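Protein chains in written order, with this note's numbering: chain X, 366 to 649; chain B, 73 to 468.
Treat each hint with caution, since some may be false.
[Said to hold, decoys possible] Pair by pair, the computed Cβ-Cβ distance ranges are:
(1) H421/X / D323/B: 34 to 42 Å
(2) H421/X / G252/B: 23 to 31 Å
(3) N136/B / E477/X: 53 to 61 Å
(4) T114/B / L367/X: 45 to 53 Å
(5) G437/X / T114/B: 23 to 31 Å
(6) S627/X / A319/B: 44 to 52 Å
[Said to hold, decoys possible] Straight-line distance between alpha carbons at most 20 Å, and here's what the computed SDA-like set of lysine to any residue pairs gives:
(7) K159/B / Q472/X
(8) K159/B / F608/X
(9) K159/B / M469/X
(10) K159/B / F473/X
(11) K213/B / A195/B
(12) K129/B / A318/B
(13) K159/B / L503/X
In case anyone wonders, no lab produced these hints; they're calculated from the structure. Quick caveat, the model's predicted, so the values are computed rather than measured. Glycine residues also receive a C-beta, built at the ideal position from the N, C-alpha and C atoms.
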Amino acid sequence: MLSSILSTGFAIGAIYALIAVTYNVMFSASRVMSFTAGQVGMLGGVFGAWFILRLHLPIVVGFPLTLLACAGIGVLTEIVAVRPVIAGLEKHLYVLSTLALALMMQQFTAIEWSTEPQPFPRIVGRGFGLDEKFWLPLLACAAVILGLELLYRRTLVGRAFLAIAEDNYAASALGLPVRDLRMASFALAGAIAGLAGFAGGELLLASIANGPMLNFYGFVPVALGGLGNNRGAIAGGLLLGLFQQAANFLVGGVLVSVAVFSAFIVVLMAAPQGLFGAPPTRRV
Amino acid sequence: MLITRRGAMLASAATLVGAAPLARPALAQSGPILIGWLAALTGPSSAPAIGFDRGVKFAVEEINTAGGVKGRRIEIVTRDTQGDPTKAVNAAQDMISRQKVNAIWGPTNSGEALATTAVMARAKMPNIHPCVVDSLIDPAKYPNAFRVAPSNGQWDAAVRNYCENVLKVKDVAVVGDTTGYGASAVAASVAAFRKEGANVAYQTQIDATQPDVTPDMLRMRNAGAKVIVVWSVSTGMEARLMNVRAALGWDVPIVGHPALGSGDVRQLLENERNWEKVYMIGYASCSYDANGKLPPRTAAFVARLAGKVALDDTSLWWVASGYDAVKLVAEAVDATGSSASDAIIGYWNSLRAYPGIFGAYTWTPEQHNGFPTSEVVMSQANSQKDGAFKLAPGYA
């Protein structure tokens, strides 16, 4: 029981964490909560299965193509669902536009791919004592943490991302190409979501049903960890995965989601800014 | 008298409605027999309608080639509803009001049928459908609606019969998904098992996206379940149950919904052996016996289909049922000499063990569930060949 809670809990938690990071990366660049994050995660699994199992491309080709396709969908999200409404951010029209785009992705995939879950290929073929479907999501999660840390701390582009996340208008006044950086952020977010879906494909299968599920459970770590806080999102995601799998063992059935969201509400009541978020400050 | 615009419009509408029945017989009784076909041919859940459609086209070709019905050709008015209840209602309304069809076949999923049944009842439109939700058939409310496939209740009875009388087990675990269908099917199944004195050792609903069902399987095993009854169309969840059963080394039979035999399940199994001891709802007319033979009437039908209708990517019962639906309309017109709705409905109400390909249908004015429960059997889920399955162990 404990080994199952740890292996499945950490694996699914790592996928939630990556979707939460996707939300954060898009939010940092645009102040928009794009509800396409989970759908792009779902597409990571679908593209992976399509390229490798249906088109018979080698994994070394199918994997980067999956990331590229998901990055492209990230850019499409920025152009179609974010840019037109960003001027009226306070009206929250992005909720409607990103949800509409997410719904379109879901329907299009249902028609062109399948409404039934489809198999996902074995990637490595070796377990190292633990089946690869459990450690691949963790490896992907570690790679993203490391990559983002390097990007944000060691590169000029990363610092520019941080600049527009900190103050969009000031960054624009300093001559930073805000729109291009926002598009790049959405491409990066798309690739991260695609990686989540690809790494979790063996666990979740290539199924359209994963889209709404990832949208939903991927958002919980964002709130738990504090909006825009990637480290908090990672910790929140892993905790959520562990808690959910423990609830599967302890209560099971429809009570699992009740337990998860009860705990979520209790945490938010105790710490409204999230477990890892800073309390709101006000300039005086 | 004061003439208002509203009054004039109401009077015009009343005149049109009143005149319609007068004009219709003259046109309707001499031209082709029009059968509306509400088919979800594209979009999610289109597989059944594609199978039904093959049977429909084959029946029409066969009847028209033989000279039609009393010299009248059969014409099918097909509308692709895409599985969308709104589109199905609009299409049904169009068939009734504009196309003036003589009968409607379909829709073929319960979600659409729940929306269209009342519309067709208001128009007294003869309607045959294969949808399983029990409430869709009610001769008092919907005297025009007839079912050519088993209801949920009949499926449930067949599963209970197999568990209790063939497998001889009394300790059952009942599992469904978290959809409305899963919840209602589990509740109905549990109540019926308990009523018959069986011990429902465990019942649960599992989210179809739950990646690991080990906790649920362990709870079933620890509760002492000797058979797992599954009510779900989620092939992913079903395959996971089978994979975990194998991983736990648990030799428990899995019995239930026809989706257990779907080709999608095969793709998701970690090993084909995991599909053994899985028994799904099937139909005697479309099952191979121990010698690998179909019943004679079905075998003759399959021989006629050879080279004309593909069966390797669909279910034989879908094709057979689509064929039967057209034949039932044609037989009604042939027997009564009329394509009026009263004549067709009256004829269907008088049918006793009509020898269709899919089943021997019996309808009375009080009972419009026409498919005999005795023909609902269990099949080996891993035995699909040309759209038909082998009978599960225990059938003579």
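Which of the listed hints are broken here?
2, 3, 6, 8, 12, 13
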